[in-house]
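Below are the chains, spelled out letter by letter.
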Amino acid sequence: MTSSTLQSRHLLGLEGVTREEIKLILDTAETFREIIDRPIKKVPTLRGITVLNLFYEPSTRTRISFELAEKRLSADSVNFAKTGSSVSKGETLKDTVRNIESLKIDMIVIRHSSSGSPYFLTQFVDSNVINAGDGSHEHPTQALLDMLTIRQKYGKLDGLRVVLIGDVKHSRVVRSNIWGLKTMGASVAVCGPSTLLPYEVEKFGVDIFTDLDEALDGADVVNVMRIQLERQQAGLLPSLREYTNLFGMTRDRLHRLNKNYTIMHPGPMNRGVEITPEVADSESSVILNQVTNGQAVRMAVLYLLSGKKEERGEEA
Amino acid sequence: MTVNGNDIIIAGGRVIDPALGFGKEADVIIRNGKIENIITPIKAKRTYEDVAPDKIIDATGNLVVPGLIDMHVHLREPGREDEETIVTGCQAAAAGGFTSVCCMPNTDPVIDNQETVKFVISRAQEAIANVYVIAAITKKSEGKELAEIGDLVKAGAVAISDDGHFLQNPELMRRALEYAGMFDIPIITHAEDSFLSAGAVMNESYQSTRLGLKGSPSVAEEIAVLRDIKLAEFIGGRVHIAHVSTAGTVAAIRSAKANGVKITAEATPHHFTLTDEEIGKRFDTNLRVNPPLRTRKDVEAVIAGLVDGTIDCIASDHAPHAEEEKDVEFDLAPPGMIGLETTLGLVKTQLIDKGYLNWADAIRKMTINPARILGLPGGTLEIGSAADITIIDPERKWTVERNKFRSKSKNSPFIGRELIGQVGHTILGGRVVYKSD
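Heads up: the sequence lines are chains A and B, in that order.
Position 79 (the first sequence) corresponds to 79 in the numbering used here; numbering is contiguous.
Position 38 (the second sequence) corresponds to 38 in the numbering used here; numbering is contiguous.
Some hints here could point you the wrong way.
Stated by the list, open to error - Think about it this way: if two alpha-carbon atoms lie no more than 25 Å apart in a straight line, the pair counts; the simulated DSS-like pairs of lysine-lysine are:
1. B:326 to A:94
2. B:214 to A:94
3. B:297 to A:203
4. A:89 to B:326
5. B:214 to A:203
6. B:326 to A:82
7. B:297 to B:354
8. B:281 to A:308
9. B:281 to A:182
10. B:410 to A:94
11. B:408 to A:309
12. A:94 to B:297
13. B:281 to A:203
14. A:82 to B:214
15. A:94 to B:281
These are computed hints drawn from the structure, not numbers from a lab.
Note that this is a predicted model, so its numbers are computed, not measured.
In isolation and in its complexed conformation, chain B is listed as follows (with noise of 0.2 Å):
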């Protein structure tokens, strides 16, 4: 076989396409950025002898996975790129495996109009990672006027969200479905009934109530949620719940879906890994995050949500945020933490590991699952689509440090935390974007 100078041959992984229903040892033929072949069982060595050995990549041992989708991140340009860019953004991405990410629209300015999101499109081409945009619903995300969302469409924006604040006018949030559907895109909710949870920095528990710290009550996400549910009910419309943290949230979006409302959900590591308990150890202001860390009780709701289906999607709601900002009093702090680089580790230490989840069912949750409710190209395997792949090293220990982000914020909790399961190279349309040391 011969292959020509762009191309590149997986050989001896075991190859996870959920999206085929496909898992088993094969060889994966790159050509033209495109994916040329899958070939079953693996073939030997020497068949590849004409095929220079700098294209050959030995995944044996490793797992050859549609590039990983995350469909909520924070990239900040325009606007802060003191925290972050889109393009570190997208080394962040790259080193987590990802090959698409899909930036959340609250930056400086808001991401509301036409012009806003080519500039997105137009930074994201030196990138090396797929950047969708979620536009505004409304502008500014102030939730008093909608903004244009015809036009965001046209320029190029998969969903809408207001992330950052729920749109508390259910009058506007049921228009917004209405007209949100002509373009067939979802709304994504970020559920937190502001009145509810105004001036909360942690969850409301015995845990803010020992520490003395404003709490945020679950039902302030699960009215949102509730509210979400029958207004989708009502107009038809497609929701698509972000960062889901409570057991009551869970069971909401269990049995709307079993009621055939048109929602799916994402949950974040973050929330399927730590509790409110960790705040009190250490006031770490990383561990302040919207929503707020919840209870053991709520961890195991989200973690049954991802083994039933119930959520659909892992995201990583990567959040950077400067040091200067973090580096204060716990309630002074900015709510977020970064999550890119960290996901794929969680996801085998606290899913896999645990018996939660197989490596087919997470992968899903983080390729083919995003890229059908966004209406993505990718997620899958298929021959004939853009060669973006991750391949995995499923048993690698890793620890977690500060200087190794890619990230142009180091704001995370799980500094110094060893995970099990590392990315050992991603590909985005047949190039190799990053490899592992």
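The following block holds chain A by itself, in its conformation from the complex (with noise of 0.2 Å):
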């Protein structure tokens, strides 16, 4: 059965969200990737609707989507970064929004450092609040779209095993994609070095793998983490070398996977690194389709959320 409508009037994580909702998500993004496929690429839905996109960390990919999908759907858009506001003038995250606010926004798409800041944000502003990633915490679009893809693949979820593959302790990747493939009926396991897999990680219900080739082993879908520099300066990792030979995705290892297995990074790429440009841009990539197929979740991600009003400071 599928619902109508979404519980909650913010899209904070992925975890508690049904099953039930993730489907109605996903097929409502369907209907919106046809339209992105169309020569004139707008419709109406939300003319009227003013969205705030709340940029204060770099992104390139996010960004652009869901200002793209905000104006796919004729809403009115005004983007935030945090360089060359009065952040660096000592305004806080609550009075800058507050002030944002009072120019008559509607939704605020927030990327933030801190876990936790777009419930800290529910906690005063009227408007939908959608994360575009919150620290490490979570980043629920980026996890739908990434179930998006595999269903186009597959016409389903339930069943496939799936690897999530790298900084398993820092990805906010990872955690959404936990939370909406086991809700969804997918097996999931993930995979890196054990300084990067955080503490009783085995609590999400996962498999936990350090040794690649083992996590490979009948998969259907490898979804691999970018791995960042910083994790060598802060003693995590001997090296990227080192990191490359015993967790880097490359052809010889593609074997273990089940037949017509799939490919997916969530970007942005260090190719050479966690994975081969080979494989990235092998038939059975679908790197560049996952980017599609995110304008066509936030599209519906911000359909759905648009126009729900309840009290403010609920239990998100």
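Fit the two chains together into the complex; they arrive one by one in their own frames, and the hints show the way.
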């Protein structure tokens, strides 16, 4: 059964979001995906709605994807970037948002380095809040677009084996993927160096590997996470070179996967570090399709949340 | 019986003084600011016919205990008078039933010299609680050079601590213990290995994994505690472990005590009440505290440590913070919560009503135990001692309200919580300094 509405007026994460709600978002995204592929890529759905894109962290894909999603739905959007703003003058997040909201904003898309900051916003704004990535916590629209991409290829998520590789400890993409994929009935494994597997990660209900070849055995989907140079500096890795040797996604590992396997990466890629160009650009790679789907998913989320009003400060 | 104009009779209450092993209904007679007598059995009211009615406090159904002592508070003066002053902090203390508080030295400037100790003591003359100073171990609490500990003690410091920071250098801690031994004062350890806890904003657990927040592992505390136990054992010095928060710490202290090491410890109400699971429910920055809220297993171990005497004292770690500093993203907020006005209610609600401690054991941990550890006067109702007395209505229900705090800061995660047990009167040197509505 498909529900026709989302329970919350915000999208703060995928933890606690039901199977019916995820299905609703993905189904809605499919219809918007058709619009993106038309010559005239615009519908009047959100005419008169104003969306604030509040980006406290750098972003290419997510920011442009949200902005285009808003434009294709005929919403008005304003963009905030931390650099060049009054944040450098010491203005707090709360003051910044309350001031911008006074200009009559309906929805806020927030990217922030602090986990929980989207929830923090819901305590004092009237707008619908969409999490575009908070710290190492969640990145729900990324996981939704990953699931849409997988579903398009296999026609289902149930029963598929998905392996998430890399910096599990710091990755919000991994967390949102775990919540979403498990809710949708997929079997999930994580794989990375033990220094980048967070404490009690097994409580997520996923299989855990520190040997990439073992993790890949019998998997359908491989989602490769970006590894950052800072992890080496923080003493979590001896070197990126060793990381590549142990956890790099290379062609010679592909035979362990199920036939009709899929290679994914949320970007931005470090070619030659966590994934070789050969694998990233192979026929089984859907990395660019993920990006296109991202726009459709964000259109769906904006559409489904717009106009939803409830009391401020509700439990999200 | 006649009493003079300054005298008070506390009539009909149940008097509990763990130091004297006393626990029955009695009348307490106060004269000239001192405890004149404790009369039992209680007399009929007419016995005091010649006493003005406003000099008699009817304590029927209430507990009459030695004025409570909080051995771990932050009064923020000098430096952050916008968050708390010695005067307002002591108003909060009085409202919480405390007649004595010990203030930590992490002010601005740090209490690491005689002049600053004297400043705090002089400011405390106007306050409605006794204020005892805990001075810094090292200059500016930077962990590099010893402060002039002899001078600090001469000026009135009752203990030393670099609270807020762990004295990471073990050689310096060894020297500090040796040196402090000359003055017979304890060193209060903020046990937290700063390498293991770097950047952390909560406990490291499934909760930090789930929320993507940087966690400090319980071993960061336990390694620090174990080091200081070994140093105290080696030197023969006195170490007091502040704000015990993990099961491993409780176990380490328990075994050290069994081995005769001179070690004592305290726990806070939040560490015997709250777990790290609270954080993800609302990202309330008032739940950001150091040491962090731990797991259910740790909370249970802290309670067990209070029950078996491993943990000697209950202290609030009252840490006021300005609203603007807490009204931010979770990981940007400074750690700390206020506690002076909620400690007694949490002790009753979480420890006594749940059957872990009786009143005498609970009061002991807030009176004579901290008094003995720090060599303070008070903590008892012994005849002739200063009339510092707290009267408690043990069954009164009340709700913690933001606008009722006497503290200048309001950063409490307990706002809205119903507690049982409330202070009726707080009496300092024979003077009623707080009376409930």
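Hint check results:
1. At most 25 Å may separate the alpha-carbon atoms for a hinted pair to count; residue 326 of chain B and residue 94 of chain A meet this at roughly 11 Å.
2. With a CA separation close to 22 Å, the supplied pair residue 214 of chain B and residue 94 of chain A stays within the 25 Å bound.
3. A hinted pair counts as satisfied when its Cα atoms are at most 25 Å apart, and residue 297 of chain B with residue 203 of chain A qualifies at roughly 16 Å.
4. For a cut-off of 25 Å, the pair hint linking residue 89 of chain A to residue 326 of chain B stands: about 19 Å separates their Cα positions.
5. A distance of roughly 17 Å separates the Cα atoms of residue 214 of chain B and residue 203 of chain A; the hinted pair therefore holds under the 25 Å criterion.
6. Restraint check: the Cα-Cα separation between residue 326 of chain B and residue 82 of chain A comes to about 21 Å, which is no more than 25 Å; the hinted pair holds.
7. Taken as a hint, the residue 297 of chain B and residue 354 of chain B pair is honoured in the structure, with Cα atoms around 17 Å apart against an allowance of 25 Å.
8. Between residue 281 of chain B and residue 308 of chain A the CA atoms are separated by roughly 22 Å; this keeps the pair inside 25 Å, and the hint holds.
9. In summary, the hint linking residue 281 of chain B to residue 182 of chain A is supported, as the alpha carbons are separated by about 21 Å, within the 25 Å threshold.
10. For the given pair, residue 410 of chain B sits about 18 Å from residue 94 of chain A by alpha-carbon distance, which is consistent with the 25 Å threshold.
11. For the suggested pair residue 408 of chain B and residue 309 of chain A, the alpha carbons sit about 36 Å apart, so the restraint of at most 25 Å is broken.
12. Annotation: proposed proximity of residue 94 of chain A to residue 297 of chain B is violated, straight-line Cα distance about 36 Å (limit 25 Å).
13. A hinted pair counts as satisfied when its Cα atoms are at most 25 Å apart, and residue 281 of chain B with residue 203 of chain A qualifies at roughly 18 Å.
14. Our distance criterion of 25 Å between C-alpha atoms is met by residue 82 of chain A and residue 214 of chain B, whose separation comes to about 23 Å.
15. Distance hint between residue 94 of chain A and residue 281 of chain B is fulfilled; the C-alpha atoms sit about 20 Å from each other, no more than 25 Å.
Checked against the numbered hints above, the structure breaks hints 11, 12 and satisfies the rest.
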